[in-house]
Amino acid sequence: MSPQVVRLTPPQPTEVHLFATAVRSWDLREVPLAQPAEVATFATQKRRDEHLTGRWLLGHALKAWGVGDLSVLEVVRDERRAPSLSYIHGVWKRTPLPNLSIAHSEGMAFVALIDETYTVGFDAEPIQRTLAENAYDMMAKGEELERLRERPTSVFQAWTGKEAVQKCLGQGMHLNPRDIRIPIETTSCELSIKNSKIQLDYWTELEYHLSLATQVAKVDPPTPEDRLLKVTRAAMLADPDWGVGCKTTREGA
1 MSPQVVRLTP PQPTEVHLFA TAVRSWDLRE VPLAQPAEVA TFATQKRRDE
51 HLTGRWLLGH ALKAWGVGDL SVLEVVRDER RAPSLSYIHG VWKRTPLPNL
101 SIAHSEGMAF VALIDETYTV GFDAEPIQRT LAENAYDMMA KGEELERLRE
151 RPTSVFQAWT GKEAVQKCLG QGMHLNPRDI RIPIETTSCE LSIKNSKIQL
201 DYWTELEYHL SLATQVAKVD PPTPEDRLLK VTRAAMLADP DWGVGCKTTR
251 EGA
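All residue numbers for the sequence shown refer to the UniProt record's numbering, where the first residue is 1 and numbers rise by one.
Keep in mind the hints are simulated off the structure, nothing from the lab. From a predicted model like this one, the values you see are computed outputs, not experimental measurements. Misleading hints may appear alongside valid ones.
No more than 30 Å apart at the CA atoms, straight line, and that leaves these computed lysine-lysine pairs for DSSO-like [as the list claims (entries may be wrong)]:
#1 LYS63 / LYS218
#2 LYS218 / LYS93
#3 LYS141 / LYS63
#4 LYS197 / LYS141
#5 LYS197 / LYS218
#6 LYS194 / LYS218
#7 LYS93 / LYS63
#8 LYS63 / LYS46
Work the whole structure out from these sequences, hints included.
Okay, here's the thing in structure tokens:
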């Protein structure tokens, strides 16, 4: 029996599709987007369950997006471990795939999808969670640190906002959270970070602090496969009788 999936509702109009579900145990065969070699590296059952639930939820979200065949897809990571979707080697499809963000927190998994022209980052923390004040300076400095000490109820707005921005930029902890300043006076804002304009929204839902960051994606240069497909398509459009393969002629046929 499939678990219950909830669609989240950000306060601002957005093209992001957001899903949440409770973490549970899975048989690896139930999660086509999981990679056995990666799952085998997890030291605890908790981490395994979180990962597999996130990957199962990603598959559910992709089907809702309109992706019918998950077997041709895989989740890949770049040098900073930022995840993205790709067609598996040997599948010559170039239908654009959405960009994604996955989060896990205190027994829940979350997935955000957005079309390929944007990048997305999402983070969540339970409303009942607390953070010791002596840990504030791990994520903030200067004036922002003082404001958080004055308004400790806003600390997880800042925390989740910084995590969402790190994911949106594909940087993770390679971008120091102390260098990201979150305006806790508002729940929706535009940030300028590393020559990027990021839309950041914060709200609460399902008893969680939630932050969503989006930005216009930078276009990657075409790959050799992209160029070959483009040339092939142009040739086919120019000559309706054009075909791929070998034509043979038999004498006397």
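Check each numbered hint from earlier against the structure, then list the numbers of those it violates in ascending order. 3
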